[in-house]
Structures are given as C-alpha cells and as structure tokens.
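Using the sequences and the hints, build the whole thing.
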Amino acid sequence: MSAHAGTIDHHHDHTTTTGIPNKKLFMWAFLASDCMFFGALISTHVIYRLHPTPDGADPLKIFSLELTSFSTFILLMSSLLMALAVGACQKGKVEATRKMILGTIFFGLIFLGCQVYEFTHFVHLGLTLNSDMFGATFYTLTGTHGVHVAIGVLWLVFMYIRTFKPADVSKAWVGRACLQFAAFAVATVTIMIIMLAVTHVGNEQGYTLAAIGAGLQHSLISCIAFVASCATLIALGRSSWAVDFGEANAVDVEGMGLYWHFVDIVWIVIFTVVYLLEYL
Amino acid sequence: MSAHAATTQDHAHQDDGKFHLFVQIAMILAVITGVEIVLIYLPLAKWFIVTSLVLLSVVKFLMVIFWFMHLKFDKAFCTILFFIGLVLAGGTVGALMAIFSAKDSVPLTAQTIYAERAAEAAANAQ
Amino acid sequence: MATATTAAYSPADAKSRASHRPWFFTRPVAKTGLVSWLTTVDHKKIGLLYGITALFFFLVGGIEALLIRVQLAVPNNTFISHQFYNELFTMHATTMIFLAVMPLSAAFFNYMMPLQIGARDVAFPRLNGFAFWVFIAGAIVLNVGWFTAAGAPDVGWFGYAPLTSNAYSQQFAGDVSTDLWIMGLQILGVSSVIGSLNFIVTIINMRAPGLTMMRLPVFTWMTLFTAFLIILSFPAITIALVELMMDRSFGTGFFEVAKGGMPILWQHLFWIFGHPEVYILILPAMGIVSEILPTFSRKPLFGYPIVVFSGAVIGFLGFGVWSHHMFTTGMGTMATAAFSLATMAIAVPTGVKIFNWVGTLWGGHIMTRTPMMFALGFIWMFMMGGFSGVMHSAAPADAQQQDSYFVVAHFHYVLIGGSIFALLAGIHFWFPLIFGRIVSEFWGKLSFWVIFVGFNVTFFPMHFLGLNGMPRRTAVYDGNMGWNSANLVATIGAFILAIGIGIYFAVMIYTYFKGKKAAGDVWDARTLEWSVPTTPPPEHNFHVTPTVHARDAFWYEKTHAKEIAAEKAKTAAETESHGGIHMPSQSWFPLVTAVGMLIGGLFFAHHYFPGAIAGGVILLIGVLGWAFEGPGGYHLHIHKDGSVTGGEGQDESAH
Amino acid sequence: MRFSLVPTLRRATTLLAVALIPLFTAGWLSGPQSTFDVKGPVAKSQLDVFYVTVWVTMAIFVVVAAVLAYATIKFKARKTDDEHAPVPPQGHGNPLVELGLIAASIAALVIIAVPTLKAIWYTYDVPEEQRANAYEVTARGLQWWFQFEYPSEQIDGSGQLITGNELVIPAGRPVRINLRTSDVIHSFWVPKLGGKVDMIPNRGNHMWLQADEPGYFWGQCAEYCGESHAVMRFRVIALAEDDFAAWVENQKKSARTVQPSASPKAEFASYDMTRKPRNAPGYTADFDADPMAAWVNFQFPDKDENADLVAKGRALFKEKNCITCHSVRGHEGVGVNAPDLTHFGSRTTVAAGLLENSKENLHRWLMYPNDVKPGNKMWVGVNGMAGYIDIDPATKRPTGTRHIELNDTESRALVEYLHSLK
Ligand code: HEA
Ligand code: HEA
Ligand code: CUA
Ligand SMILES: [Cu+2]
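Protein chains in written order, with our numbering: chain A, 64 to 343; chain B, 4 to 129; chain C, 57 to 711; chain D, 7 to 428.
When the alpha-carbon atoms are kept at most 16 angstroms apart in a straight line, the in silico EDC-like pairs for lysine to aspartate or glutamate are as follows:
| # | chain 1 | residue 1 | chain 2 | residue 2 |
| --- | --- | --- | --- | --- |
| 1 | B | 49 | A | 341 |
| 2 | D | 324 | D | 416 |
| 3 | A | 124 | A | 181 |
| 4 | D | 365 | D | 278 |
| 5 | D | 85 | C | 497 |
| 6 | D | 326 | D | 338 |
| 7 | A | 156 | A | 310 |
| 8 | A | 156 | A | 315 |
| 9 | B | 106 | D | 131 |
| 10 | A | 86 | B | 77 |
| 11 | A | 228 | C | 685 |
| 12 | C | 696 | C | 630 |
| 13 | A | 154 | A | 315 |
| 14 | A | 228 | A | 315 |
| 15 | A | 154 | A | 310 |
If you want the ones that stay clear, here's a sample from chain C, every Cβ over 12 angstroms from chain D, calculated:
| # | residue |
| --- | --- |
| 16 | 112 |
| 17 | 269 |
| 18 | 330 |
| 19 | 492 |
| 20 | 569 |
| 21 | 576 |
| 22 | 674 |
No lab work stands behind these hints: they were computed from the structure. Quick reminder that beta carbons are idealized off the backbone N, C-alpha and C, glycines included.
Here it is in structure tokens:
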C-alpha cells in the first residue's frame with residue numbers, strides 16, 4: 064500500500080485483520096490440506112508394505128541408497144537457497160533473489176533428473192507401475208511428490224522471469240527474460256549430460272586425460288550447446304534494466320518458498336519411511 | 004507507527020543474521036541425513052534404530068518448518084493453522100496403521116505368505 | 057548492472073501501463089448482462105450463481121428421487137430397470153450432496169459471510185469466481201453420463217471397490233460412466249478446496265475493525281469450520297480417486313485383488329472424507345439456524361461461546377469416527393469398539409447446540425414467521441435424525457441396520473430435516489435482503505407445513521422398513537415381506553413433499569417478480585449483513601466499513617445510533633482520504649481456466665489423451681493470463697448524498 | 007376472521023399420526039426379515055442393544071421435545087403488539103446449565119456404551135465355552151448368488167460338500183461362518199438370526215450365529231454389488247440335529263439317477279409355460295404359509311415324476327453346455343462357476359432365493375433368465391464360459407446371437423431332470 068512507502072514490514076500486513084498477509088495465510092492453509100493429501104498417500108504405501116503381496120518385488124534389490132541420499136541432500140540444499148531467496152527479496156535485493164531462485168531451480172532440476180534416472184533404472188530392474196503392488200504405491204507416492212517438485216520448478220521459473228518485468232512499461236521484456244532462462248536451462252542440462260558422458264567413459268577406461276577427451280567427444284553437441292548458452296547468459300547478463308520487482312513482491316516469493324519447503328519436508332518423510340526403513 | 008518501526012528494525016536485524024543461520028541449519032540437516040544413512044547399517048536393536056530414525060526425521064521436519072518456513076518468526080496463528088492439518092494427518096495415518104495391523108485386517112493374499120514364512124521358520128527350527 | 061527498484065506508482069504511469077496492455081488483458085467492465093455474470097468477481101453475484109445452480113440440481117436430484125419412489129411404490133414393480141434404478145440412486149445422492157446442498161451452503165457462504173464480517177469482498181475475488189466455474193465443470197462432467205451409451209454412473213455414491221474396477225463396473229465394455237464419476241468428483245473437490253481456502257483467509261483476515269473472533273456471527277463461525285473440514289477431508293477422497301483412476305487407466309492394482317490389492321482400503325479412504333463430509337453438510341445449516349433463532353426470539357444466542365466451541369468439537373471429532381460406516385466389515389473388536397464410542401461422543405457437542413437453541417427461545421418474544429418455522433422444524437427433525445444416528449453408533453445394533461432403510465431414514469432426517477430445512481429457512485430469511493422483496497407469510501407457511509408433513513410421511517416409515525429387514529439400494533422387492541404398505545406411504549409422502557417444494561419455489565419465483573417490496577431490515581435483525589445501505593446491497597456492500605463494538609453488531613448499532621453515525625462519518629472521511637473504496641476488477645481468466653479443466657476432464661475420462669492435454673494447455677493459458685493480468689482494481693467514491701462515483705476504467709490509480 | 011392454517015394443520019397431522027401409527031406399526035415390524043422377531047442369541051443380543059438405544063434416546067427426546075414445545079408455545083408472540091413489546095432481557099447463557107446438560111448427555115451415553123461394548127465382544131465370535139461345539143461353514147458371495155461350503159463334510163474323491171443358495175445348518179448349535187467372495191463385496195444377512203457381516207475380497211471375515219429352533223429363514227445380500235444386487239437372496243434352514251445329519255448324508259451322495267421306463271409316456275406340460283413379465287413375483291401364498299413344510303416336501307421325489315423326460319433332460323443338460331458351468335456330482339456336469347446342482351431338486355428356491363422352486367418358475371428361469379435377474383452370469387457368461395448369449399470378445403458387447411437356445415419342450419425336460427435331483 065502506498066501509504067507505507069518506507070521499509071516494508073514483512074511479517075505484518077496492516078491491511079489484514081491479523082497482520083498476516085492473505086497470500087501467506089492461504090498458503091499455510093493449503094499446506095495443512097496437503098498434509099492430509101500426503102498422509103493418505105503415505106498410508107497407502109505403508110499399509111501395503113505392512114502386508115506385502117506374494118511374489119512382490121524386494122525393494123532392497125532395487126533401491127540405490129547412494130542415489131537417494133544424493134537427491135535428498137540436493138533437495139535440502141535447494142531449500143536453503145529458497146530460504147535465502149526469500150530473505151534477499153525481503154530486503155529488496157533483486158539480483159540476489161534471482162541468483163537464489165536460479166540455484167533453487169538448478170537443484171530442483173537435479174532432483175527431478177535423479178528421479179527420472181531412478182525411475183528408468185527401476186523399470187529396467189523390472190519394477191513398473193503395474194508390475195506389482197510395491198511398484199504401484201512406490202511410483203504413485205514418489206511420482207506425486209515429483210509432480211509437486213515439477214510444479215514448484217515451474218513456479219520458480221515464472222517467478223524468475225517475473226523478476227525481469229521492467230519498471231518502464233513500454234519495454235518489451237518477456238522474450239528476453241525467457242531467452243535468459245532458456246540459456247540457463249540448456250546450460251544446466253548440457254553440463255549434466257557432459258558430466259555423465261565423462262564419468263561413463265572414465266569408469267570404463269580410467270580417469271585419464273584421454274578418457275575425458277573421449278567423453279567430451281561423445282557429447283560434442285552438448286559441449287557446443289553448453290558454450291553457446293553460457294555465452295548467451297553472459298551477454299544477456301550484461302544488460303539489465305530497472306525492474307518492477309522488489310520488496311513488495313516478497314510475499315509472492317515467500318508463498319512460493321513455503322510450497323517448496325513443504326515439498327522438501329514431505330521428502331524428508333518419504334526418505335525415512337519409504338527408503339530407510341526398508342533397510343532394517 | 005513508531006511501535007511498528009521498532010519491530011521492523013528488529014526484523015531487519017534478524018534478517019542479517021539469517022544468512023548464517025540458514026546455512027548452519029542446512030548443514031545440520033545434511034549431517035542428520037548422513038547420520039540416518041549410517042544408522043541403518045549399525046548393528047543395533049531394531050526398535051532403537053526405528054525410534055532414532057523417526058526422531059531424527061522429526062527434528063529435520065521441525066527445523067525446516069520453523070526456520071526455513073519462518074514459523075518461528077511469524078505469528079503463532081500460522082503455526083496453529085499448519086498444525087491442525089499436520090496433527091489430523093498424523094492421527095489419521097496412525098489410526099490407519101493401527102487398524103491395518105490388526106489380525107482381522109491381514110489380507111488373504113498376505114496370509115499365504117505368512118503361512119509360508121511360518122512353515123519355513125518351522126522347517127528351519129527342526 | 058542496474059539496481060532493481062521498486063516501481064513507484066503514479067496515476068500517469070498507470071495510464072501508460074494500461075495503454076500498453078495487450079488486448080487480452082483488458083478487464084471486462086460490464087455490470088449487467090451475460091458478460092458481467094461470466095466475468096464477475098463480486099461475491100454476491102457468485103453467491104447467486106451458486107444458489108441458482110444448486111436449486112436447479114436440487115430439483116434434478118428430487119426428480120431422480122421421485123422416480124426411485126415411484127419404482128418402489130408397489131412390490132415387483134417394472135416401472136424402471138434395475139440398471140436405471142442403480143444409476144438413479146447413485147446420481148440422486150451425488151447430485152443432492154455435491155451439487156445441491158454443498159453449493160447451496162457455498163451460496164450463503166459467498167453472499168452472507170463477507171457481509172457478516174463487514175468486508176467488501178472475499179480475500180481472493182478472482183479465485184472465488186474460479187471456484188464457481190470449476191464447480192460447474194464438475195457438475196457437467198458428473199451428469200454428462202446420462203447422455204452417453206454407458207449411462208450415468210451406477211456404483212453407488214460411495215463407489216465401493218472393486219465394483220468400480222474395470223472388470224466389474226459394467227458388464228460390457230465402454231464403461232465411461234465410472235470414469236466420469238471419478239473425474240467429476242475430482243473436479244468438484246478442486247472447486248470446494250479452493251473456495252474453502254478463500255473463505256478461511258477471508259474470515260481470518262478481512263474482518264471489519266473491532267470484529268474479534270468471539271464477536272463473529274455464528275454463521276460465519278460455521279463457515280470457517282466447514283471450510284476447514286473441506287480442506288482437510290477432501291484430500292483423502294482425492295487420493296482414493298487418484299488411486300482408482302490409476303487402477304482403471306494405468307493398470308495398477310490398489311483395489312484389485314488379483315494384484316494383491318485390498319478393496320477395504322477404498323472404504324477407509326472414502327469415509328475419512330465421507331464422514332467429515334456429512335458435517336460439511338450440516339454445520340452451515342446449524343449456522344443459519346443459529347442466526348434465525350435469535351432474530352425471531354429477539355434475544356441473543358444462548359451460550360454463544362459454547363455453541364461455537366461445540367462446532368469446533370464436532371468438526372474435530374468428525375475426523376475420528378469414519379469407520380462407523382464400516383461396522384459390518386469385520387474390523388475386529390477393538391476398532392469397532394473404539395469407533396463406536398467415538399461416534400457416541402459426537403452426540404454431546406451436538407446436544408449442546410440443541411440445548412442452546414432451546415435456551416435461546418426461552419424467555420424470548422418468538423415471532424413465528426416462515427423462516428422461524430423452518431428453523432424450528434429443523435430442530436425437531438434434526439434431533440430425530442441425530443437419535444437414529446446414535447442408534448447406529450451402537451455397533452451391534454448397527455449390524456442389523458447397516459445398508460437397510462433404517463440408514464436411509466437416518467440420513468434423510470439429518471439431510472432434509474437438517475440441512476435442507478435450514479437452507480430453506482435461510483432462503484426465506486435472507487430473501488428480502490438479496491432481492492428486496494418479502495415472501496407472503498401465508499404461502500410461506502403453507503409450503504412449510506406441506507413440506508413438513510410430506511417429509512415425515514416419506515421418511516418416518518423407512519425406519520420401520522429398515523427394522524423389518526428391507527435392504528437399501530434394491531430396485532425391486534417381493535410382496536410377501538411386509539414392506540408393501542410402508543413403501544406405498546413413503547411414495548405418497550414423497551409426492552406431498554414434492555408439492556410442498558413446488559409451492560415453495562413457485563412462491564419464491566412469484567415474489568421475485570411481483571412480491572411486496574421490503575425495505576432494509578425487515579426482521580429487526582442482529583447481524584451486520586442487514587446494515588447494508590440498500591436491499592439488494594450495492595456492489596461495494598457498505599458505504600462505510602462498519603466498526604464493530606459487540607457481538608450482534610447491527611443490534612448494537614441500532615441501539616447506539618448516535619455514536620455509530622459519528623463514527624461512520626469519520627471512517628468515511630478516512631477512506632476517502634486514502635483514495636476511496638477499493639474494488640476488485642472483473643476477469644475472464646477464472647472462466648478460461650475452468651473451461652480448460654472441463655475439456656481436459658471430459659477427454660481424460662474418455663481416455664483420449666491428446667484432448668486431455670489440450671484441456672491442460674487451455675488451463676495453463678488461463679493460469680498464466682490470470683497471473684500476468686494482475687489483481688487489478690478500481691476505486692469508488694461515496695458522496696454525502698449517498699451517490700456513488702468512480703468505477704473500472706474511470707480511475708486508474710489503483711493497482 | 008382470518009383462517010388460521012397452522013393450528014388446523016397441526017391438529018390434523020397429530021390426529022392422523024395417532025390414528026395411523028398403531029394401525030401400521032404392528033404389521034410393519036413382522037415380516038420374514040424382521041429384526042424384532044429374533045430366533046437366535048446373536049440377533050437377540052443385537053436387539054437388546056437396540057432397545058437400550060431406543061429407550062435412552064426416547065427418554066431424552068421426550069424431555070427435550072417437551073421443553074422445546076413448551077418454550078415455543080409459552081414465549082410465542084401472539085399479536086404484533088407482543089413482537090414490538092420492549093425487547094426481552096438480552097441474556098447470553100448460563101454455564102451451570104450447560105455443564106449439567108453435558109454431564110447428563112455423557113451419562114446417557116454411558117448407559118448405551120456399556121451394553122454396546124459387551125455385545126461387540128459377544129457377537130464377534132463363538133463364545134469360548136461353546137467353541138468346541140461350533141459347526142463351521144463357508145459362505146461365498148458371487149454376482150448374484152451364494153455358494154455354501156462345508157469343510158467338515160468331505161466327500162470321497164471330490165472334496166468338501168458344496169451347495170448353493172440355501173444354507174442348511176444344525177439348530178441349537180453355534181455356527182461359525184467364514185465369509186468369502188469371488189468378485190465384488192457382498193454381505194451376508196439373515197435378520198432373524200443375526201446382523202450382517204460383509205464378504206470382502208481379499209479379506210478373511212467371519213461371523214457366528216445360532217438358530218435356537220429348527221426353522222426356515224430369509225436372507226439377503228446387503229451390500230450393493232451391481233446390477234442385480236436387489237435380487238441376490240438366499241435362505242437358511244436350521245434342522246434338528248438328526249435331521250441335519252440325515253440331510254448331510256443325502257447331500258454327500260452323488261446325484262439321484264432315475265431309470266427311464268421301458269414304455270415311454272407321452273410328453274405333456276403340467277404347468278403354464280407362458281412368458282411372465284419381468285420382476286413378476288415368484289412365490290405362492292401356500293409356500294409362504296409354511297415354508298418349512300414346503301422344504302420338507304422338497305426332499306422327496308415327485309410322485310408323478312416322468313422318468314423319460316428326466317432322461318431327456320439329462321441329455322440336454324450336456325448337449326446345451328449347461329455342464330460347462332454347473333456340476334451335477336455323479337452325472338455329467340463338471341463346471342465350477344455356477345451353483346452346484348447335484349441336489350438342486352431338494353432346494354426350495356431358484357435363482358438365489360428369488361423364486362420358489364416350482365416347475366413354472368424353474369421353466370421361467372431357464373427360458374428367460376434375464377427377465378428374472380438382469381445381467382445374470384448365466385445369461386452373459388462367466389469366467390470365460392459362454393452363457394446364453396454370445397459376447398464379442400473384442401468389444402465385450404453382445405453380438406445379438408444366442409449361444410444357448412431352449413424351446414419350451416427342451417426346457418420342460420430340463421425342469422423335470424433338475425427336479426429329479428433330490
Ligand atoms: C447431515 C448429515 C449427517 C449428520 C449430521 C449425521 C449425524 C450423525 N450420524 Fe449419520 N449419516 C449420514 C449423514 C449424517 N449423519 C449419512 C449421509 C449416512 C449414510 C451414508 C451412506 O451409507 O450412504 C450416515 C450414516 C451413519 C452411520 C452409518 C450407518 C450404517 O451405514 O451402518 C452412523 C453410525 O454410527 C451414523 C451416526 C451418526 C451420528 C452418531 C450422528 C450424530 O452427529 C448425531 C448427533 C445428534 C444427536 C444425538 C441429537 C441431538 C442431541 C441431543 C438432544 C443431546 C442428547 C443426546 C444423547 C446423549 C444421545 N450415521
Ligand atoms: C442432501 C441429500 C439428499 C436429499 C435432499 C435427498 C432427498 C430425497 N431422497 Fe435421497 N438419498 C441421499 C441424499 C439425499 N436425498 C443419499 C446420500 C442416498 C444414498 C444413495 C446411495 O445409496 O448411494 C439417498 C437415497 C435415497 C433413497 C434410497 C434408494 C435406495 O437405497 O434404493 C430414497 C428412496 O426413497 C431416497 C428418496 C429421497 C426423496 C423422496 C427425497 C426428497 O426429499 C426429494 C425432494 C425434492 C423433490 C421431490 C423435488 C421437487 C421437484 C419439484 C417440485 C419439481 C417438479 C417438477 C417437475 C416434475 C418438472 N433417497
Ligand atoms: Cu451381493 Cu448385493
Ligand atoms: Cu458418518
């Protein structure tokens with residue numbers, strides 16, 4: 064509200080009765096509802112673990128604790144970046160907010176990548192959605208969580224683009240902002256492909272310079288795309304403009320953050336209940 | 004307005020410290036996760052490991068909601084709101100577990116497994 | 057790098073911004089006509105839309121019920137086939153619960169709750185419109201089955217697995233009806249949850265100054281509890297439906313025995329939702345009655361804090377009793393006992409409400425106008441329904457009652473004698489406020505008595521039918537079972553009831569066009585919705601945001617007219633100095649988004665995935681447009697003489 | 007004078023109610039499935055709990071309703087003047103009254119809860135001290151009929167005794183029933199003997215009941231199980247111990263074989279073979295008057311049995327592919343997807359308790375099963391076995407052609423054959 068032009072008090076909104084901003088309250092109420100949502104899903108999984116079906120898959124032969132631990136760690140770190148993004152935005156630091164959002168997206172994508180990898184890997188091992196009950200509950204539960212992450216990533220991307228909205232309304236900006244993001248996305252994906260290729264060759268031939276070279280050669284297109292997107296990023300990053308984004312939007316970023324953290328805590332539960340407990 | 008100004012400053016002050024706080028929390032979270040992973044391989048009593056895992060997850064859970072999600076710094080109402088859902092969900096999950104653990108709820112398909120296992124155990128014992 | 061700045065808004069800036077907006081971000085401005093209804097964000101208009109749709113579906117569900125009753129009038133009847141009968145009771149229940157009672161309650165939430173808390177609108181006006189259009193999408197998806205070869209859904213309103221599985225849902229292929237049922241409920245769930253989140257935020261955050269929680273009108277309290285019940289119970293059925301959909305579309309086996317599934321799990325997930333759902337149906341009714349009784353007794357509600365608290369307790373306990381619908385599923389002694397006792401416990405907070413309503417009457421000056429008649433009828437009938445509920449709660453007795461007409465009697469007593477009576481009371485009560493006309497007492501009372509008699513003649517015999525061993529959901533029965541006369545009586549009653557309802561609506565329609573004009577506060581009422589400057593209320597609800605000093609705020613205003621007038625003048629000046637009354641802009645995007653959901657849902661139910669994706673794309677476009685058009689808004693100015701100036705497009709200073 | 011509708015209507019309804027209730031209620035609570043006319047300890051204990059709930063809630067109702075009625079009448083504003091009289095005291099409540107009422111409600115609930123808990127444990131399983139004496143059977147629900155299995159009655163070479171749609175049990179002895187289903191959820195309900203327990207796929211439910219005296223009891227599937235749920239019924243027949251033993255003895259035997267006579271008699275129809283409308287009643291008043299006597303009659307071969315027709319029916323039973331679904335132990339049938347017909351002639355009902363087992367009714371069932379029970383599996387086929395009509399395996403829709411077609415004479419022969427299976 065224009066009446067309070069000075070510092071914005073992030074924890075109190077004077078236009079509302081309680082002082083809590085509407086959007087934040089909405090988000091918390093939604094998360095309360097989402098607790099029941101995941102509660103029902105997790106119950107289904109655990110109930111069927113309690114009474115396994117005959118000749119069902121043995122999770123221990125399928126799970127890869129290394130991979131899951133890694134993605135758990137990644138999600139935790141993304142939460143950190145998200146929290147920092149909210150903090151930065153509340154202080155009006157748009158530049159920092161953007162970086163933190165990008166970082167969150169980056170980790171979010173890695174998490175999703177791991178999940179895609181995990182799913183394809185499991186499918187190779189014979190566990191599919193309809194191979195047995197374990198497959199059904201496992202994929203439905205973790206898949207629903209994955210969809211939550213994907214929605215979160217999408218939201219983050221839109222927020223990221225939104226941060227470029229110029230104060231000068233006559234300026235065309237959406238295309239550039241999207242391009243900037245696309246470059247980032249390409250860079251992220253290609254570097255992941257390159258790393259995979261290199262480790263793949265390295266695992267087979269030992270980690271020598273020649274092997275790394277071979278790995279790079281295997282992913283030549285990715286390398287080119289990576290360089291090109293980095294160049295685009297740098298070029299676009301040099302020019303910027305005064306934006307219509309700042310402290311006033313902190314509540315939007317914060318709402319997004321709440322959602323993201325919630326997805327994170329759901330994973331904390333899933334990690335323990337679905338994965339770790341199987342090892343006992 | 005002056006009262007508000009004071010609280011605003013308070014918060015500003017906290018905000019500066021939050022960067023380090025957040026990083027530390029993230030590190031603790033990572034460490035706890037590491038401990039959890041190690042824990043499952045330790046030759047300890049099962050009940051102990053399960054309890055510890057549950058406790059550790061709860062700690063992680065609470066750290067995220069209270070710090071990352073700002074519940075600690077927000078009006079208590081947000082906490083109440085969220086905990087209504089959390090407690091009901093927890094209660095429902097618990098009740099379902101209890102119902103499905105009852106003997107009457109063992110599905111017929113699993114009964115054959117249990118019977119096989121029992122037979123195997125009996126055979127092993129001999 | 058340029059430093060980011062918070063844009064400072066100046067009117068000139070805003071003008072240029074507006075001129076740079078692409079055409080599809082142009083905000084609709086029509087205040088009358090079709091476009092105004094399609095794009096409305098006004099909680100009152102949305103309330104009316106809900107109300108009219110709900111009443112339409114009430115008639116649809118009622119006609120379905122009449123067909124049921126005709127078939128059951130005599131033994132061995134061949135009026136309709138088994139298959140059609142099964143479709144009828146499934147759709148009758150689904151329609152009445154999800155498309156009649158819930159949206160009728162939502163109509164009152166929308167229309168009355170913001171007025172009762174002295175707000176100009178709900179917290180998220182566009183989201184409110186969205187919830188309505190999504191509701192329409194769900195209603196269409198549910199009912200479209202009538203027009204397909206597969207017929208309407210026929211799995212019973214709680215769709216027990218594995219009857220809903222691919223193998224059993226229909227003898228012959230092409231069973232799209234069950235998919236439509238799943239999709240329809242799923243979409244309705246989205247609508248209800250979104251609407252409820254909005255109400256929660258509105259009640260918590262949009263109260264007029266001075267309106268503390270413990271001064272809230274009871275109806276608003278019940279809205280709040282209902283909203284909580286909705287957001288916390290719908291996720292369970294959402295998951296159940298998702299799992300069922302996975303079974304039907306992607307070959308999983310959550311409820312398929314061949315794959316080790318446990319059909320009993322469906323029952324648990326359904327009733328975790330289903331029982332809170334019945335309180336979702338009754339709490340708004342209790343709220344309405346708690347408004348009407350004090351008004352017509354000219355006394356405050358007896359034991360307000362306890363009535364409110366008992367509402368919360370009912371809601372909370374409501375989550376711990378779901379398995380009382382499953383007493384016959386062999387849960388084992390412990391679980392049965394636990395749920396039996398928990399269910400009985402609910403009688404206590406409910407009883408508290410009954411006692412307090414009686415207490416409210418005690419010592420009052422009771423004006424037995426039509427709304428009051430319906431409210432009193434509610435107390436009687438709901439109490440009887442509650443008592444048969446308690447008889448169910450004794451699990452061993454329920455073993456004989458479950459799935460018999462005794463249950464049918466129980467729930468129609470609480471649903472019609474409870475919810476419907478109270479909703480009909482509410483329509484009568486607020487009709488003068490909403491339409492500025494008052495319903496004739498004679499015709500109002502006549503409709504009440506015909507409905508009251510018809511209702512009891514229909515459903516009281518069903519207790520005996522149930523105890524005499526008549527199972528529910530039976531399309532035919534034999535003549536040698538001792539059920540003939542009771543069934544015939546029930547059918548006659550149903551037609552008396554239909555006549556009563558016919559009179560009721562005829563009178564309403566007549567009054568809408570030709571009824572006596574009623575100015576303002578016709579009942580000498582107590583709560584803020586009656587303090588609006590005109591009936592029907594203006595778009596901005598109040599010329600001046602009220603300041604609340606007591607429970608029953610309007611009653612207080614009437615008894616402290618002088619101070620209030622002075623205070624209002626002050627608030628008015630203050631508002632004007634802040635730029636006037638802020639109003640939200642209309643928008644097309646809620647409708648667009650909901651249409652995307654409708655298209656996607658229909659195609660998904662037909663397993664035509666490109667179409668489903670197309671629907672998803674429309675939905676996404678709607679969401680993006682919604683996000684990027686921004687909340688919008690404009691300002692109104694009230695002048696001393698009561699005239700209003702300003703409006704969309706005339707003043708761009710708002711953002 | 008203004009016509010005052012309200013009191014007139016009220017008086018009229020009261021009168022009506024007072025006049026009608028005793029008239030009807032007597033008849034309204036005494037059918038073959040009455041839960042009041044209990045014939046065994048389980049139903050008795052459930053009824054007792056019900057009475058407790060009725061008395062307690064009635065008592066509360068009388069008190070609350072009296073106060074409510076009194077308040078409404080006493081404080082009613084009779085004239086418009088009353089309405090505008092000075093407003094009554096604006097009291098807000100009385101905590102002591104509230105607490106008192108809450109305590110009273112809880113007390114009332116305790117009165118209900120105690121017998122409830124007792125009965126939950128009592129009805130759950132056969133009481134410990136009688137367990138040794140209990141007889142065990144398995145009841146299996148199928149769309150839309152019941153199969154009854156007797157694990158303790160083994161037959162050489164063909165496993166346990168299996169019957170359909172009529173459960174015969176020993177009287178005066180607890181019977182523990184395992185409840186199973188082969189498709190969707192059904193529910194086993196014999197109101198006079200006990201409340202229902204569901205048959206749920208993948209779940210090992212059980213119940214117990216006991217008939218104190220020999221008798222004939224109506225039962226009904228009580229969980230919606232698809233198109234013909236309404237007509238999925240069964241019977242329970244309780245027999246004195248030695249009658250029961252004799253019955254078991256007979257059931258264990260292979261199907262009764264009738265030798266065709268040397269001189270074939272002319273065929274004639276001894277009953278009306280015209281098509282009956284859908285849902286037409288399938289019982290006679292005679293049968294209803296004394297079903298137990300009727301049951302006894304069914305145990306003996308017909309006096310005017312036509313041996314040649316029986317033989318022809320037996321041949322048709324094979325020819326018409328009835329054997330793919332049905333079993334007639336000792337004869338040709340081998341099917342397992344449909345009711346066992348080995349002793350079908352000794353049952354009182356056709357089509358899962360729906361029709362009395364008269365020749366007309368059996369004829370009707372065999373000729374037009376879909377009129378009797380829409381969608382029944384004999385008509386559409388079951389578990390890959392073709393039924394009366396052909397189904398296109400691709401679209402799963404009826405093709406319009408018939409797989410099994412019977413004419414009146416064939417049906418007549420089958421009726422004679424099936425009735426000979428005592
Ligand atoms: C508006 C909806 C509504 C409401 C409010 C209720 C209220 C209650 N219901 Fe009902 N119920 C339904 C809707 C509702 N129900 C529906 C739709 C079904 C069937 C679903 C289906 O199968 O299709 C159902 C089925 C149902 C069953 C399952 C029956 C079966 O299938 O076997 C049970 C079992 O316990 C039950 C119990 C109760 C109880 C104990 C209450 C209590 O809340 C009632 C409390 C009220 C009172 C008791 C009266 C007033 C109190 C006093 C005057 C105080 C003193 C009283 C005492 C101390 C006893 N209900
Ligand atoms: C709020 C919910 C609600 C409401 C209001 C009603 C209202 C009615 N219900 Fe229903 N009912 C249920 C919820 C409801 N019901 C549920 C949940 C079930 C369980 C379903 C299941 O088993 O799955 C059920 C089942 C059910 C059955 C049992 C079916 C069975 O088990 O086989 C019966 C039988 O009599 C019945 C009857 C009625 C009747 C006569 C009305 C009447 O009150 C209807 C009154 C309304 C009218 C009569 C409309 C009047 C219309 C006009 C005046 C217009 C006339 C105009 C033209 C003809 C053009 N209902
Ligand atoms: Cu079987 Cu209903
Ligand atoms: Cu319930």
